[in-house]
Amino acid sequence: MSTMRNESLPGAAENTGAAPGDKPYAGYLLGLADDAMVYAQRLGEWMTNAPQIEEDMALGNIALDLLGQARGLYPYIGSIDGSGRGEDDYAMQRDERDWRNVHLVEQERGDFADEMARLLWFSAYQVELHTALTGSGDDVVAGVAGKALKEVRYHLDHASLWVVRLGDGTEESHRRMQAALDRVLPYVAELFDDDEASVLAVDRGAGVLPSSLHDRVEGRVAAVVAQATLTLPDGSRWRSRGGRSGIHSRPMGYLLAEMQHIARSHPGATW
Amino acid sequence: MTDAPEGATERSWPLWEVFVRGKRGLSHVHVGSLHAPDAEMALRNARDVYTRRQEGVSIWVVKADDVTASSPSEKDSFFDPAGDKIYRHPTFYDVPEDVEYL
Chain W
79 MSTMRNESLP GAAENTGAAP GDKPYAGYLL GLADDAMVYA QRLGEWMTNA PQIEEDMALG
139 NIALDLLGQA RGLYPYIGSI DGSGRGEDDY AMQRDERDWR NVHLVEQERG DFADEMARLL
199 WFSAYQVELH TALTGSGDDV VAGVAGKALK EVRYHLDHAS LWVVRLGDGT EESHRRMQAA
259 LDRVLPYVAE LFDDDEASVL AVDRGAGVLP SSLHDRVEGR VAAVVAQATL TLPDGSRWRS
319 RGGRSGIHSR PMGYLLAEMQ HIARSHPGAT W
Chain H
3 MTDAPEGATE RSWPLWEVFV RGKRGLSHVH VGSLHAPDAE MALRNARDVY TRRQEGVSIW
63 VVKADDVTAS SPSEKDSFFD PAGDKIYRHP TFYDVPEDVE YL
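Top to bottom, those sequences are chains W and H.
Residue 292 in the working numbering sits at position 214 of the first sequence; the count goes up by one each step and never skips.
Residue 63 in the working numbering sits at position 61 of the second sequence; the count goes up by one each step and never skips.
These aren't lab readings, by the way, just hints derived from the structure by calculation.
A few of these clues could be false.
As the list claims (entries may be wrong) - Derived DSSO-like pairs: lysine-lysine, alpha-carbon spacing no greater than 30 Å straight-line: (1) 25/H <-> 225/W; (2) 87/H <-> 77/H; (3) 65/H <-> 77/H; (4) 228/W <-> 25/H; (5) 228/W <-> 77/H; (6) 25/H <-> 87/H; (7) 101/W <-> 225/W.
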């Protein structure tokens, strides 16, 4: 696998190579987990709000898949960064600046076309990401990726079917699907930024360079967009950045407030 | 809403009957129905609604309009005449213990 360098790394531990207190590597894994966690929260908002109850179920299932991916990583991250934190600590007790998800997943839920445009890009990205990560030198990451790959292929399938139907549907649905693709685009580039943490994760044979995924992800999206008789918009002048270093956009604070307020109002509550 | 074009409203999504095969060797069994804009989406919706607890290994969807059903008002003439013909039942044989699904 050209994007992985694990085979050429003397000294990179076969299993994890993660010493407690390894915050940069933990930061890379947090990016993966936080993307899934925050998008699970956004998708969960569709319950009772989708066009049909069947679509409530579909988006709810996808949200639960993503939640599972985050849960698979958080306790492991707690063992790497030396904090010993568990999944609830990461999901419910961190403030905005500690989250490492991209801006794409934290944006407010727009209309259904907006969500399908976002899901198309994000699931295409996740398919390529997890395909690459199944070859990770970190067994835990490879395990999570192997399980997630089956899930995210279905997510991509779901988004693709809808984008094609809306794009190649009525005049109104075509117009709105195209507008949604245009709106989501400025948030896409951030997925493929090679931040310091990802470069470091690649060096230890555990991660994948985000930029190496770009062409294949765009190819997947472009094929669906073409079939939908839509146009992939040109790159915009403004683009989001900062999520991987904890700099978020306005909707993030509101999302966290809604997601965390029960856990923070009743610390340590269980059922 | 009566002047809405075909397929333009959520209410106009057709109804689909869903059949799930629980495991290999069993028949597909009717499990319920759902709405979807077309067959491909109906199959996905069926997967999400009816097999999220690993209930199945295969799904069929059939447009409800394409099912020709017997009418409750025809129940007497359809089914009652078989009621007194017990010789049509395999009740005069012993079924071996190991035979499943009978």
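To see whether the hints hold, each was checked on the structure:
| no. | hint | in the structure |
| --- | --- | --- |
| 1 | 25/H <-> 225/W | holds, 22 Å |
| 2 | 87/H <-> 77/H | holds, 17 Å |
| 3 | 65/H <-> 77/H | holds, 24 Å |
| 4 | 228/W <-> 25/H | holds, 20 Å |
| 5 | 228/W <-> 77/H | violated, 47 Å |
| 6 | 25/H <-> 87/H | violated, 34 Å |
| 7 | 101/W <-> 225/W | holds, 25 Å |
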